[in-house]
Amino acid sequence: MAILQSETRESIRQAIGEHLGAVYIGVANGSTSTSTLVDSAGLIGGDDDYIGKWILVTDASDGTTVNIRRITDYTASSTTLSFATAMSFTPASSDTYELWDAEFNPERINRIINDCISEISDRVLVPDEDTSLYGDMNQQTYTIPSNISMISKIQYRASVDSEKLNDANSSDWTAGTYTTVSSDTVQYREGTNSLNLLNASASIADGTPLAYSNATSATNISDMDKIEFWIKSSSALTASSLELELYETSVSGTKRETLSLPAISARTWTRVELSLSNPELDTSIQAVQFVSNHASELDSAELWVDEIRAYRTETEHYETLDNYLWKVNREDRTLHITSQGRGKVFNKKIKIVGFDKPATLSADSTACEVNPSLIIYLAAYRLLMSISGGRVTDPDDSRTAAGQYRALAERILSGLSTPQGVPTV
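Numbering-wise (the numbering used here), the sequence shown opens with residue 1076 and increments by one.
The reader is advised that the hints may include incorrect statements.
BS3-like mimics (lysine-lysine), calculated; alpha carbons at most 25 angstroms apart, straight line [what the hints assert, rightly or not]:
hint : residue 1 : residue 2
1    : Lys-1402  : Lys-1239
2    : Lys-1402  : Lys-1423
3    : Lys-1426  : Lys-1402
4    : Lys-1228  : Lys-1402
5    : Lys-1426  : Lys-1228
6    : Lys-1402  : Lys-1301
7    : Lys-1330  : Lys-1228
8    : Lys-1301  : Lys-1419
9    : Lys-1423  : Lys-1239
10   : Lys-1423  : Lys-1228
11   : Lys-1239  : Lys-1301
By construction, these hints were calculated from the structure, which means they are not laboratory data.
Since we're looking at a predicted model, the values are computed, not measured.
Please put together the full structure from these sequences, using the hints given.
Okay, structure coming up:
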């Protein structure tokens, strides 16, 4: 998902507190236990001044562990804050902390931030795209990826720089101990056949070669970044259960790449994209080999492989599929491509360009995908309204201030452009 802003939940929460005058942000410079924090440089006031406030401490050792506790005591002479419930770590020097007024629990602030994001999720969409689908002449319906809430256009990869490593013809392959190699002219995706690997009923140990091919000439793929090919399995395979190895000269030569395949669904052609680990060393690839890395899954499994090529993805060129060649069914979130459209996208990578709803923030380091000022103003509006009370119990005029923050938020919303496309939900 695209990140449009650089503000995190932590910075947004702190900005909300500063707008409300409800937070002090400091750095610990001493500690005695998991139940105390010392800040001699920043804390002022007399004994017990901070009782009832909330403290949020971030563990500097990992930068992610956050504890929230309520202050039960403050000793002015040593600038020591105490909290009844021990933290999961010992606050130490350089640990940052937030000290919040009693009516503003930081956990509640985090929840309100997410509530505000959800509130505007139908009005503020985030540009996004997906390239996980591949066209098939016989497939009319595709499940729309979960990160796409509106489609603005469908594109397909019309061209890309590539080098063929192996066309997966059975005559070029040598079977391993438990594998039978053959050509399948019925099940294939490109050309007229695919490589068929049938494994015998045996306990195939991890690291066992299934089949390999030593090509007649070397291929320089040092300017490429990915390997792509089609694969089908008679049974589902978990990620990394199968590996593709690339060698110089032969499988007895120097191994340059060990590429783990992702999870493979059963009885479905899957387009695999594997990122090269050391492309600058892949100047003379001459042999490829499939290796078992999960014995029980590959026992008696049957595999089909078609057209192994190296690709340079930065050279991808996409063309747009005419709108009349596709439509969306919102009820089941599917994309339908007409027969004419399928002819254009056949065996090509499909790019769905559109928008997604902004994601809520699950951690302090999570970046916000929408204008952070919008979230700050909406959250300030909600918080001020929650403490405003009635007309005669609002001495700080919180209700009026809340209305001003709401007006600022609406001004931002009114200035945003309306996304154009076909909704998928």
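Structure-based check of all given hints:
1. For a cut-off of 25 angstroms, the pair hint linking Lys-1402 to Lys-1239 is broken: about 35 angstroms separates their Cα positions.
2. About 19 angstroms separates the Cα atoms of Lys-1402 and Lys-1423, which keeps this hinted pair within 25 angstroms; it holds.
3. Between Lys-1426 and Lys-1402 the alpha-carbon distance is near 15 angstroms, which keeps this suggested pair within the 25 angstroms criterion.
4. In summary, the hint linking Lys-1228 to Lys-1402 is supported, as the alpha carbons are separated by about 10 angstroms, within the 25 angstroms threshold.
5. Restraint check for Lys-1426 and Lys-1228: satisfied, since their Cα atoms lie roughly 8 angstroms apart, inside the 25 angstroms limit.
6. Proposed proximity of Lys-1402 and Lys-1301 is contradicted: the alpha carbons are some 31 angstroms apart, above 25 angstroms.
7. Between Lys-1330 and Lys-1228 the CA atoms are separated by roughly 42 angstroms; this puts the pair beyond 25 angstroms, and the hint is violated.
8. Distance hint between Lys-1301 and Lys-1419 is fulfilled; the C-alpha atoms sit about 23 angstroms from each other, no more than 25 angstroms.
9. Simply put, Lys-1423 and Lys-1239 have alpha-carbon atoms about 16 angstroms apart, close enough for the 25 angstroms limit, and the pair holds.
10. With a CA separation close to 16 angstroms, the supplied pair Lys-1423 and Lys-1228 stays within the 25 angstroms bound.
11. This hinted pair checks out: Lys-1239 and Lys-1301 have alpha carbons roughly 12 angstroms apart, not beyond 25 angstroms.
Violated hints, in rising order: 1, 6 and 7; the structure is consistent with all others.
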